[in-house]
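K.L.:
Note that the numbering used here has the sequence shown beginning at 5, numbered continuously upward.
Quick caveat, the hints were computed from the structure, so don't treat them as lab data.
Keep in mind the model is a prediction, meaning the values are calculated, not measured.
One thing to keep in mind: the hints can contain errors.
Below are the DSBU-like pairs computed for lysine-lysine, each with C-alpha atoms no more than 30 Å apart in a straight line [claimed, not checked]:
(1) Lys78 to Lys37
(2) Lys15 to Lys37
(3) Lys84 to Lys15
(4) Lys37 to Lys84
(5) Lys56 to Lys78
(6) Lys15 to Lys78
(7) Lys56 to Lys84
(8) Lys56 to Lys15
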Amino acid sequence: MSDNDLSLLGKVISSFGQFEWRRGGSVDPNWQKRHPERNYNSYPYFFSWRYKNPNPLIDQAIIDAVESFRGNVKWHVLHKHRDLGGTNWCIEPRKA
């Protein structure tokens with residue numbers, strides 16, 4: 005997945021609702037700054053977000069779409085409900 009693909013994925017995911025926040029790439033930029041000695045080209049890409057107004061039907065549709073995708077890389081969706089409200093979501097490659 006390239007940065008351009010991440011941009012497209014972000015556009016698709018944002019079409020279902022407004023983001024409260026989002027992040028994508030291979031590694032958190034703050035982590036890269038703290039560890040510049042590492043080669044991050046081999047790290048897998050991910051896309052994370054939280055909707056301002058979540059919709060359980062949309063959430064399930066995204067999970068179903070990602071989990072049913074058939075390609076060279078298997079992807080999955082992680083999510084964590086927050087005590088303060090909302091759910092943080094992440095699409096990333098499934099570990100072998």
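K.L.:
None of the hints should be skipped; say for each whether it holds.
P.N.:
Checked hints:
no.: 1; hint: Lys78 to Lys37; verdict: 29 Å, holds
no.: 2; hint: Lys15 to Lys37; verdict: 27 Å, holds
no.: 3; hint: Lys84 to Lys15; verdict: 22 Å, holds
no.: 4; hint: Lys37 to Lys84; verdict: 26 Å, holds
no.: 5; hint: Lys56 to Lys78; verdict: 28 Å, holds
no.: 6; hint: Lys15 to Lys78; verdict: 21 Å, holds
no.: 7; hint: Lys56 to Lys84; verdict: 15 Å, holds
no.: 8; hint: Lys56 to Lys15; verdict: 16 Å, holds
Of the hints listed earlier, there is not a single one the structure fails to meet.
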